[in-house]
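*Asks:* Take the given structure of chain A and dock chains B, C and D to it, following the hints.
Protein chains: 4
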Amino acid sequence: MKIKVAIAGARGRMGTTAIEAIEEAVDAEVVAALDYKFDGMHLHNASVNEEKQGIPIYTSLSKLVEEHHPTVLLDVTDPDAVFTNVKDALSLGIHPVVGTSGLTKQELKQISEMVETTKTGGIIAPNFSIGAVLMMKFAAQASRYLGDVEILEMHHDRKLDAPSGTAVKTAEMIMENRPPHIQGHPEEQIHLEGARGGDVEGMKIHSIRLPGLLAHQQVLLGGEGELLTIRHDSLSRKSFMPGIMMAIRNVIGRNDLIYGLENIID
Amino acid sequence: MKIKVAIAGARGRMGTTAIEAIEEAVDAEVVAALDYKFDGMHLHNASVNEEKQGIPIYTSLSKLVEEHHPTVLLDVTDPDAVFTNVKDALSLGIHPVVGTSGLTKQELKQISEMVETTKTGGIIAPNFSIGAVLMMKFAAQASRYLGDVEILEMHHDRKLDAPSGTAVKTAEMIMENRPPHIQGHPEEQIHLEGARGGDVEGMKIHSIRLPGLLAHQQVLLGGEGELLTIRHDSLSRKSFMPGIMMAIRNVIGRNDLIYGLENIID
Amino acid sequence: MKIKVAIAGARGRMGTTAIEAIEEAVDAEVVAALDYKFDGMHLHNASVNEEKQGIPIYTSLSKLVEEHHPTVLLDVTDPDAVFTNVKDALSLGIHPVVGTSGLTKQELKQISEMVETTKTGGIIAPNFSIGAVLMMKFAAQASRYLGDVEILEMHHDRKLDAPSGTAVKTAEMIMENRPPHIQGHPEEQIHLEGARGGDVEGMKIHSIRLPGLLAHQQVLLGGEGELLTIRHDSLSRKSFMPGIMMAIRNVIGRNDLIYGLENIID
Amino acid sequence: MKIKVAIAGARGRMGTTAIEAIEEAVDAEVVAALDYKFDGMHLHNASVNEEKQGIPIYTSLSKLVEEHHPTVLLDVTDPDAVFTNVKDALSLGIHPVVGTSGLTKQELKQISEMVETTKTGGIIAPNFSIGAVLMMKFAAQASRYLGDVEILEMHHDRKLDAPSGTAVKTAEMIMENRPPHIQGHPEEQIHLEGARGGDVEGMKIHSIRLPGLLAHQQVLLGGEGELLTIRHDSLSRKSFMPGIMMAIRNVIGRNDLIYGLENIID
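Protein chains in written order, with the numbering used here: chain A, 1 to 266; chain B, 267 to 532; chain C, 533 to 798; chain D, 799 to 1064.
Keep in mind that a hint or two might mislead.
Said to hold, decoys possible - Simulated pairs of lysine-lysine, DSSO-like, Cα-Cα distance not exceeding 30 Å:
| hint | chain 1 | residue 1 | chain 2 | residue 2 |
| --- | --- | --- | --- | --- |
| 1 | C | K770 | A | K238 |
| 2 | C | K701 | B | K425 |
| 3 | B | K425 | D | K1036 |
| 4 | B | K268 | B | K329 |
| 5 | D | K907 | B | K504 |
| 6 | D | K967 | A | K159 |
| 7 | C | K691 | B | K435 |
No wet-lab data here; the hints were simulated from the structure. Please read these numbers as outputs of a predicted model, since none were measured by experiment.
Isolated chain A, as found in the complex (with noise of 0.2 Å):
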């Protein structure tokens, strides 16, 4: 029997890039939809039809799994949408997968308190590209061997800010590992301002913007006479889907909540 699951922010580029992952895969497939609006409509590659065709639309959580009796919730929504929405599975003893960013710590709390009373396990994974959270993984155990940090990430000139939020995470996941340390030559001279990047705790962030990148991250880590470096390109969202498959097969039995696709990677 196919894992039902459940998808809230279906419309979105990465609802619609879960979709395809779930329906390629051979074990699990989408049964509803749960959105703001659209009640009652039905949603086919990402456009809504009101035919009974493609993926019924629901509104109501409680509703849906009425009907459908999913096992997970994706939700891939927004800041605004997606605490209601986990909170809400969980009362109902659905599984919450969730890849939208943005819950505050308080929020995160209330969660695990829930997760525990309900007994029903949740993932929560900000970043779903298996790569990616490859390299923060092994950068951060890299550290506690080799503790001179710097990294390095360049994406699109057309983004806006930095440093990238992965790169954030990465020196975080670095300063949870690395033993106490200080980095750099302690009389370092800098003549032009910034040249030596934004500093974590001695580490080095350091952002480049250019058309003709997409999106990249180096972690360079030092020791006496050698270097390891690694590296992730991201080419396009298609890298999200055996992640969110991972989570998907991963929560169901789950009575825990696990932060970070990083915790259910060996």
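*Replies:* Then chains B, C and D, alone, in the frame of chain A:
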């Protein structure tokens, strides 16, 4: 109290590096050297002398143990000497740490049996560079998820053999980890012999030899829409020091045999 | 006044890209399309229609010229059509700009002779990517000083042939530039067939094929104590646009034949 | 007949390297050393002695010239000595080849005037690494077509200053070549000070400092759909030798002043 280390192969390049590493550490010291000649003489900064200065040299391990009570024997000799040294160490209750490559499967099996009998643990590490070991370990782990792999190793043009031992070892570790897998385009047309590199179960190994290079390796792991690259650059034998110290500290109290530094690195 | 351009191969992918490039330029316009069918119909956004909208299609170049007076014929057809198109253009005094590869040496010779007779200049450019052309040009120049070279080209695993045309062309340009030279260790021992790549006069070409790659090439040039690497990454056909426009602007007023964009780039 | 070279700065590291380079060449020889002390003594393998062995040392250039008739004075001293040495050489009709950095604009202007008067040509090269010079030259050329540029320089963490002189020089050469240009997203939001690097007319310079690095620089040039990267890795001062010899051979017969090795490299 410092860890007392005896060292075999002390006069070689690795031996000199190892002595430096141990003497820089606050928790270990070299108490004596095991050699096939120069019995009764002393070793100081790679030169042997008859004055009682530096590290005393012994040609008999039992006499060395009797007089200096080492806990660990670090062996950085050669394929001819290492097996006897390790057996002697185990029979005397000394923990062997071996950086010499070239032990045969037969010899490894015998050592393993002796460790079980004597309950004296040992560590055999063909590569003491933590960066290189992490690269191999991460590549093997990542190949579980990103199963299409090519290995690119680059060395100075004075290196005689291709591919490098590290490249082959990396391919072997990946083969043990990635799921059964057919890699590449089945209808590939090769117009220049060798252009696609050396084949190891579909994985390709490419060896570059140029002046201006030292010792470098990249493992490229591809997935749909993403690429993960793990690269190690090695500048000098100094990169072996942390690995040597890690093994010496870790072997104490062990009663099993560890093969490969990757097994004592988290 | 805008440069009037006729285009052959307008319905193909390169043709569509070229039309976009020309129409975005302030100093050029597409006046008509040359095709082997659809005479009298019109082309608009890659679709052919019978209404008089978009670019008029002709199967006869002389009729096209008579009615629309182009200065340049841009040919992005295929090996079968290009030779006739170029000859027809030259005999009508139209400057050919050719992006189609596959002209034989014999055909090139004939074109060269016609250019001399007609005094109508032309440009034949197998690669319109300025970045790729610069890479090849720089690699050839640098090889005069750093004569030990290896070429590494990396493409997605749907690419059938290896090595890439660009890698072979790069090797040829280097052979014309570097001094007579024996590369590599004469006593090299290869333990895995193909590991050292494909050989072109001692230079090695290595082809990597992985999902997660697009189209990339690195030329590594080694010297005593230093390495120069020239790398080109290609993301999309959009990278051809500036090269197409450069050729169209440059061909006007020419009375000679240019082979390769590198000859009009300083 | 061999080119007779006098050398100033012979006892320094660059001097030692230069002497080695010249003595390895078949067409040049070191005839004497100019120094501020040790007059009448000799220099052999970086050590000064009183025996008449090795290169004779002079504190007076005119006496040196009188006795040894050099054609070239190679100056690898320091900012304090170089200006006087060059003026003395020119007034004696000796061609100066200068590898010392730190000449002021005022001093350069005076040297230029003296060259014009004396018709004795000279070469001033702040960087003798041909690979580094080619990198800068190519980057400047490419920036005419690919005008969006970021520079990434990476050095060991014992380097005190950032950015490197080569990075700044590269930026200057690009500024002279690329068309007027606004780079980057006008609405960029920087959440970590310094993350976007040091700014030079919109171009960014990023300096990485880690153990395990030596001396490396990458220039990234982006265009629509493509990226060109030019990278130089420097391992040792040996990389300066070919540049030193090139300058010595080229300066003979010159009656003009050359600033930068890039101007004698095609």
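*Asks:* Run every hint past the structure and note whether it holds.
*Replies:* Right, here's what the structure says about each hint:
1. K770/C x K238/A: 22 Å, holds
2. K701/C x K425/B: OK: K701/C and K425/B at ~28 Å, within 30 Å.
3. K425/B x K1036/D: 19 Å, holds
4. K268/B x K329/B: 21 Å, holds
5. K907/D x K504/B: 47 Å, violated
6. K967/D x K159/A: Status holds; Cα separation ~28 Å.
7. K691/C x K435/B: This hinted pair holds, its Cα atoms lying about 28 Å apart.
This entry does not satisfy hint 5, going by the numbered hints stated previously; all others are met.
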